Amino acid sequence: MSTATERAGVVGRSADNAGSLDVAAVRADFPILGRRLADGRLLAYLDSANTSQKPVQVLDALSEHYRLHNANVARAVHQLGAEATDAYEGARSKVAGFIGAASPAEVVFTKNSTEALNLVASTLGTAGGRTRPIGPGDEIVISEMEHHSNIVPWQLLAQRTGATLRWFGLTGDGRLDLSSIDALITERTRVVSLVWVSNLLGTVNPVADIARRAHEVGALMVVDASQAVPQLPVDVAALGADLMAFTGHKMCGPTGIGVLWGRAELLEELPPFLGGGSMIESVSMERSTYAPIPHKFEAGTPPIAQAVGLGAAVDYLSALGMDAVAHHERRLTDYALTRLAELTEVRVVGPTSAVDRGGAISFVVDGVHPHDVAQVLDSVGVEIRAGHHCAKPAHARFGLQSTARASFYLYNTDEEVDRLIDALDRTIRFFGVG
Amino acid sequence: MDLDTLYQEIILDHARAPHHCGLRVPFGAEVHHVNPTCGDEVTLRVRLGDGVVDDVSYAAEGCAISKASTSVMCDLLIGRPVDVAMRVSDEFMALMEGRGAVSADEDVLGDAVALSGVAKFPARVKCALLGWMAWKDATARVVAGESEQQ
Numbered sequence: 001m002s003t004a005t006e007r008a009g010v011v012g013r014s015a016d017n018a019g020s021l022d023v024a025a026v027r028a029d030f031p032i033l034g035r036r037l038a039d040g041r042l043l044a045y046l047d048s049a050n051t052s053q054k055p056v057q058v059l060d061a062l063s064e065h066y067r068l069h070n071a072n073v074a075r076a077v078h079q080l081g082a083e084a085t086d087a088y089e090g091a092r093s094k095v096a097g098f099i100g101a102a103s104p105a106e107v108v109f110t111k112n113s114t115e116a117l118n119l120v121a122s123t124l125g126t127a128g129g130r131t132r133p134i135g136p137g138d139e140i141v142i143s144e145m146e147h148h149s150n151i152v153p154w155q156l157l158a159q160r161t162g163a164t165l166r167w168f169g170l171t172g173d174g175r176l177d178l179s180s181i182d183a184l185i186t187e188r189t190r191v192v193s194l195v196w197v198s199n200l201l202g203t204v205n206p207v208a209d210i211a212r213r214a215h216e217v218g219a220l221m222v223v224d225a226s227q228a229v230p231q232l233p234v235d236v237a238a239l240g241a242d243l244m245a246f247t248g249h250k251m252c253g254p255t256g257i258g259v260l261w262g263r264a265e266l267l268e269e270l271p272p273f274l275g276g277g278s279m280i281e282s283v284s285m286e287r288s289t290y291a292p293i294p295h296k297f298e299a300g301t302p303p304i305a306q307a308v309g310l311g312a313a314v315d316y317l318s319a320l321g322m323d324a325v326a327h328h329e330r331r332l333t334d335y336a337l338t339r340l341a342e343l344t345e346v347r348v349v350g351p352t353s354a355v356d357r358g359g360a361i362s363f364v365v366d367g368v369h370p371h372d373v374a375q376v377l378d379s380v381g382v383e384i385r386a387g388h389h390c391a392k393p394a395h396a397r398f399g400l401q402s403t404a405r406a407s408f409y410l411y412n413t414d415e416e417v418d419r420l421i422d423a424l425d426r427t428i429r430f431f432g433v434g
Numbered sequence: 001m002d003l004d005t006l007y008q009e010i011i012l013d014h015a016r017a018p019h020h021c022g023l024r025v026p027f028g029a030e031v032h033h034v035n036p037t038c039g040d041e042v043t044l045r046v047r048l049g050d051g052v053v054d055d056v057s058y059a060a061e062g063c064a065i066s067k068a069s070t071s072v073m074c075d076l077l078i079g080r081p082v083d084v085a086m087r088v089s090d091e092f093m094a095l096m097e098g099r100g101a102v103s104a105d106e107d108v109l110g111d112a113v114a115l116s117g118v119a120k121f122p123a124r125v126k127c128a129l130l131g132w133m134a135w136k137d138a139t140a141r142v143v144a145g146e147s148e149q150q
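From first to last, the protein sequence lines stand for chains U and W. Heads up: the first sequence is residues 1 to 434, going by this note's numbering. Heads up: the second sequence is residues 1 to 150, going by this note's numbering.
Since the hints were made in silico from the structure, they are not lab data. As the structure is a prediction and not an experimental result, all values here were calculated from the model. Cβ atoms here follow ideal geometry from the backbone N, Cα and C, with glycine treated the same way. Treat the hints with caution; some may be incorrect.
[Unchecked claim] Okay, the calculated bits of chain U under chain W, using three or more residues with CB under 8 angstroms as the criterion:
1. 236-248
2. 384-390
3. 395-408
[What the hints assert, rightly or not] If you want the ones that stay clear, here's a sample from chain U, every Cβ over 10 angstroms from chain W, calculated:
4. 64
5. 83
6. 277
7. 352
8. 376
Can you build the whole structure from these sequences, using the hints too?
This is the structure we're talking about:
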């Protein structure tokens, strides 16, 4: 077999703790990894922070749902309706178990992280719930390393309500500057919303510590866990957050399905987000009453098959063990950072050691624009992302317009990291900047 | 894929040492265009005189393709009558949006012919068009301003 497979086997055996990944076996589950690109190029998919690939177990679950169990949920008396409802609610239970939620009712399905964060920002500023809506004089705290999806909804909320948006700055090595935390999170703060693992810098933020400060002043802690849930064992009880958003497609699941987790009593206090079918208890021409959580937040026909697919993804990750997934990610990140340091023309943006760091590694190549880097890498089948990664303020913080980013997941190998390094070397020579 | 088709030597030369760059005065209109997917930006000024493109000056942040394309564009358009310049830019845009099915007329497009390969890379077409769209916008503004004054 190929060198990749042999090396992957070595990875599995050499891992220093129990429950390490058999990467060769994992790779065999992902049909796309076996395909060739144009001109027979071998694929090295290093863009999983953008979206992950899907194992055959998820593809089969989607297909089987549509082939055998398809019907609308929570409204049909017939057998197919019951099967579809069971599958949809079963997926909710799986997700709840996966993140340590107290009950499945704490898991709201959305279309993605962005919608989950918009749900929170929108409902916190809307009257009709049991808490005072955010308004003038209130403050919202975010950070400079947020994805646009955790910036723009809060800007919109501040504009709509007259609240003030404040943010954590960043240190030179790409960590949150916590030196002013007590001045930033104050009695005026109503909500703190932070990314757990940065999609640009890879930084893992000390969410529990910041949540403690937020709770001291009576503020809510919202966590964007889009890059965290795919890679780390998650226990929302230990995290200390009140609300957490993540998305299915970055964790081996389909696109079109995301999750908002929230403490049950908090979700119950919030007013509805979108109105429509399924989210109601009763409707008259004058007014409506609403369904209990989580359905209060799921207006209209939900992404049923996508939820089923996400449930299969959760089963897949659970069977491998999230400790093993996290260990593999950390080891590959460490290897990639070490090898990138060999290239003097390459500068990593973000922490340069694998400590408190996820596997998204953004970098610049001196004298070569990230788009051109990605183009040369694609010419040898190494697929990375180039651009601002929906994190323009974080780029601006480091005086950059864009970066190139390689990111890893459970199916990536040392050999693919080696191919990245070789391709970068080729890029440097191609543009004559070495 | 052959990288040399995309990055022809003439393109790399323009990208390394772009022609006509820098912002100059006087100018008739200034525009700022952004490629929202990658964050590339160009600030571009146009000066027209007696129906002729007197000057195009710019400050840009971008990839080799976008830099080379803007540089080649200035070579092609500066000194040309506005109507001719508009026809050249329309021809270039048609080439870029042709998915490789449109053949380039070297008599009209000069060095810009070297960018033909970009048309086969849909993700890069916007890079090649950034400066041209800015030029078209700025020129339209100068023309509109002139007709208002008349």
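Hints, one by one, checked against the model:
1. 236-248: violated (count 0)
2. 384-390: Satisfied; 3 residues make the cut.
3. 395-408: holds (count 3)
4. 64: It holds; residue 64 of chain U is separated from chain W by about 34 angstroms at its closest Cβ, greater than 10 angstroms.
5. 83: Label holds. Min Cβ-Cβ 41 angstroms, cutoff 10 angstroms.
6. 277: Holds, since 35 angstroms exceeds 10 angstroms.
7. 352: The claim stands: residue 352 of chain U keeps its Cβ more than 10 angstroms from every Cβ of chain W (closest is about 23 angstroms).
8. 376: Non-interface label fails for residue 376 of chain U: nearest chain W Cβ at 6 angstroms, not farther than 10 angstroms.
When the structure is compared with the earlier hints, violations turn up for hints 1 and 8 and for no others.
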